[in-house]
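Heads up: the sequence lines are chains G and S, in that order. Numbered by our numbering, the letters in the first sequence go through residues 1 to 219 in order. Numbered by our numbering, the letters in the second sequence go through residues 1001 to 1473 in order.
Careful: at least some of the hints might be erroneous.
Unchecked claim - Result set (DMTMM-like, lysine to aspartate or glutamate): computed pairs, CA atoms no more than 20 angstroms apart in a straight line: (1) Lys1462/S x Glu77/G; (2) Lys103/G x Glu1451/S; (3) Lys22/G x Glu1420/S; (4) Lys103/G x Glu1446/S; (5) Lys22/G x Glu1421/S; (6) Lys1462/S x Asp206/G.
If you're looking for bench data, these hints aren't it; they were derived computationally from the structure.
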Amino acid sequence: MGPNGSGKSTLSNVIMGHPKYKITKGKIFFKGEDITELSPDQRAKKGIFLAFQYPLSIPGVRIFNFLKNMLSSIRGEEIPVSEFKKLLKEKMKLLDIKQSFIKRYLNDGFSGGEKKRNEILQMALFEPKLALLDETDSGLDVTALKTVCEGINKIINNDMSVIIITHYKRMLEYVRPQFVHVIMDGKIVKSGNEELVEKIDSQGYDWLKVSSEEILTTV
Amino acid sequence: MNTILTENIGIDNYKYNFRDSEENYVYKAKKGLSKEIVEEISVKLKKEPKWMTEFRLKALDIFYSKPMPNWGNTELLNQINFDDIHYYVKSTEKQGRDWNEVPEEIKKTFDRLGIPEAERKFLAGVTAQYESDVVYHSIREDLEKIGVIFTDMDTGLREYEDIVRKYFGTVIPPTDNKFAALNSAVWSGGSFVYVPKGVHVEIPLQAYFRINTENMGQFERTLIIAEPGSYVHYIEGCTAPTYSSDSLHSAVVELIAMEGAKIRYTTIQNWSNNVYNLVTKRAYAYKNATVEWVDGNLGSKLTMKYPAVYLLGEGARGEILSIAMASTNQHQDAGAKIIHAAPNTSSIITSKSISKNNGRSSYRGLIKVLPGATNCKSHVVCDALLLNTNSRSDTYPTMQVEEQKDVIVEHEATVSKVGEEQLFYLMSRGLSESEAKSMIVNGFVEPFTKELPMEYAVELNKLIQLEMEGAVG
Ligand SMILES: Nc1ncnc2c1ncn2[C@@H]1O[C@H](COP(=O)(O)OP(=O)(O)OP(=O)(O)O)[C@@H](O)[C@H]1O
Ligand SMILES: [Mg+2]
Chain G
1 MGPNGSGKST LSNVIMGHPK YKITKGKIFF KGEDITELSP DQRAKKGIFL
51 AFQYPLSIPG VRIFNFLKNM LSSIRGEEIP VSEFKKLLKE KMKLLDIKQS
101 FIKRYLNDGF SGGEKKRNEI LQMALFEPKL ALLDETDSGL DVTALKTVCE
151 GINKIINNDM SVIIITHYKR MLEYVRPQFV HVIMDGKIVK SGNEELVEKI
201 DSQGYDWLKV SSEEILTTV
Chain S
1001 MNTILTENIG IDNYKYNFRD SEENYVYKAK KGLSKEIVEE ISVKLKKEPK
1051 WMTEFRLKAL DIFYSKPMPN WGNTELLNQI NFDDIHYYVK STEKQGRDWN
1101 EVPEEIKKTF DRLGIPEAER KFLAGVTAQY ESDVVYHSIR EDLEKIGVIF
1151 TDMDTGLREY EDIVRKYFGT VIPPTDNKFA ALNSAVWSGG SFVYVPKGVH
1201 VEIPLQAYFR INTENMGQFE RTLIIAEPGS YVHYIEGCTA PTYSSDSLHS
1251 AVVELIAMEG AKIRYTTIQN WSNNVYNLVT KRAYAYKNAT VEWVDGNLGS
1301 KLTMKYPAVY LLGEGARGEI LSIAMASTNQ HQDAGAKIIH AAPNTSSIIT
1351 SKSISKNNGR SSYRGLIKVL PGATNCKSHV VCDALLLNTN SRSDTYPTMQ
1401 VEEQKDVIVE HEATVSKVGE EQLFYLMSRG LSESEAKSMI VNGFVEPFTK
1451 ELPMEYAVEL NKLIQLEMEG AVG
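My request is simple: use the sequences and hints to build the entire structure.
Below is the structure:
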């Protein structure tokens, strides 16, 4: 969690390997491996998945084809159509997505909530080792949030880590975090458990701002 | 912020970079153009009726007297050396009647072109132009039964002289432009299609065209006549091997859609990047007739092609849907022309262009509404996609509206770049950079591909993929 502009999306973009960010200091290790120099697709193949805060639209590309291509790339081999159809149907059911949806163009003309749900559909097929969910809850209505979160809970397994970026506790009531970190001005300023969420929800970030300034002055 | 796009400029792969051994040509005219060459082609080799020989010779004079176009890419146009071209090449003596008779060498070429199984079953009805002449040609029996003529132009002239004489050169006379005159003088091959009144041809008529001899001009001539109330879909797809010196392809295509008839003409061309592709395509659409040009241009050094529909009768409709892809050192100067010459006529032009590396694509279009053509509607959409910062796209739309009563002429144009964010989004899903680009480009041309028969759509998607891989990433 963290205030607007504190660097949450930046962090997830950097982990995913967005070319517009240049890492000036430090390295990124994933499962003990240095991935700092890897391209986004190579990182994806290692099992890193980013659910975008603002998913891009790709006009003319049908979701079905896109998802099939995605899965084939991740697996490193062409997935047979019949197998894919079965898998897709299963995941769509999980997230309560209508059949007609997959014939549409990728995020083209989608509502905010539809885009977010589509991100989680991708995650369900992708089966990541590390999922970065950047404000997946914003844009979802109350019912949709419940459906999507329940879906996420089913996707999560013991072999997988999830970083949830959010401003609100409502998502975290469904998907229960083990750790809560607060990022401000690009730094983690506070770590804790679910109780931290409660505090932020009722008091915001101002109390942390003071302490971070104090840290700076004392240093 | 286009670093990801600019650093990957590389060598273009060319898929069909092969050629057959040239010993197999039966006859190859000597280089250059002259009255003697034209007479040799017409009289000695083709044994044509006198009127055609005269037509050719007159066209040759027109060709000599016409200046080069002073618009478009004049720099490239002026580099054409007309004396350095073979105007006639004949590859096999006889026309193959069925598949078994088609020479092995040529079958191999078809194989390497990767013509899918699904299309081979249509081969019984295919006119395949190999070099300047038709090697294989066969009409499906069911077409013959319903009176449809589908043959190469030379056979058409021999066997259906009356029809050919009546319509040949009426839509595009030799005087139209320098290259139409050249084609009229030296034409060889192409298709002749005649659909009788009320007949709907259910299967698309397909023809394959190939250029193969270095410095050989290919001047096919196609004429399609759809009698009242009939329907036909004609498809041609082209690929050419890469050669070191320039080839000239200059076709003429004439379509005539009589009252209530509908013609769809689909082309996908993928010339190697030394080919000049200078084509004149025009259709007449009479009362309530519909003509649709579906035109895909890939490759070539310079393409100049502006399919036209003359809406001559009340209620006629014209539609032109085109894509052009200009890659390294290529210029696609493509567009469309619609002439509204009658009331209640309508037209739609959708033009999509992609420019990659230093490739340049131009849209050149004309919408003309003649006096008296009341209640006309025309809608033009031009979308350009640029893949690199040094890619270029221009639009030159011209509108001449000479009738005001209830006339609506609209023009929309967009230019977009393949965005870094889009690429990142797709790459974060495991797609490589070239796969991501292919996906974006294929999405961009989807309004075009969805109009194609399945096999062609697949082929086009593959070609785009190959193009994208060309930028070694
Ligand atoms: N390309 C860029 N150039 C310059 N500044 C940038 C760029 N991208 C992000 N920033 C800045 O970096 C800071 C962190 O942005 P980031 O998007 O990571 O915030 P965030 O924590 O995700 O905020 P929000 O909660 O609003 O989504 C912001 O001040 C933002 O304006
Ligand atoms: Mg953010």
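Exercise for review: For the pair we were handed, Lys103/G and Glu1446/S, check the Cα-Cα distance against 20 angstroms.
Suggested key: holds (13 angstroms)
Check your understanding: Are the Cα positions of Lys22/G and Glu1420/S separated by 20 angstroms at most?
Key -> The given pair, whose Cα atoms are some 15 angstroms apart, holds under the 20 angstroms limit.
Practice item. With a cut-off of 20 angstroms on the C-alpha distance, tell me whether Lys103/G and Glu1451/S pass. Key: Holds, at about 17 angstroms.
Review point. Is the Cα-Cα distance between Lys22/G and Glu1421/S 20 angstroms or less?
Key: Between Lys22/G and Glu1421/S the Cα gap is close to 15 angstroms, so the pair holds against 20 angstroms.
Review point. Does the alpha-carbon distance linking Lys1462/S and Asp206/G stay inside the 20 angstroms limit?
Key: violated (56 angstroms)
Practice item. Given the hint that Lys1462/S pairs with Glu77/G, test it: the Cα-Cα distance must not exceed 20 angstroms. Key: Holds. Lys1462/S to Glu77/G sits at ~18 angstroms (cutoff 20 angstroms).
Checked against the numbered hints given earlier, this structure breaks only hint 6.
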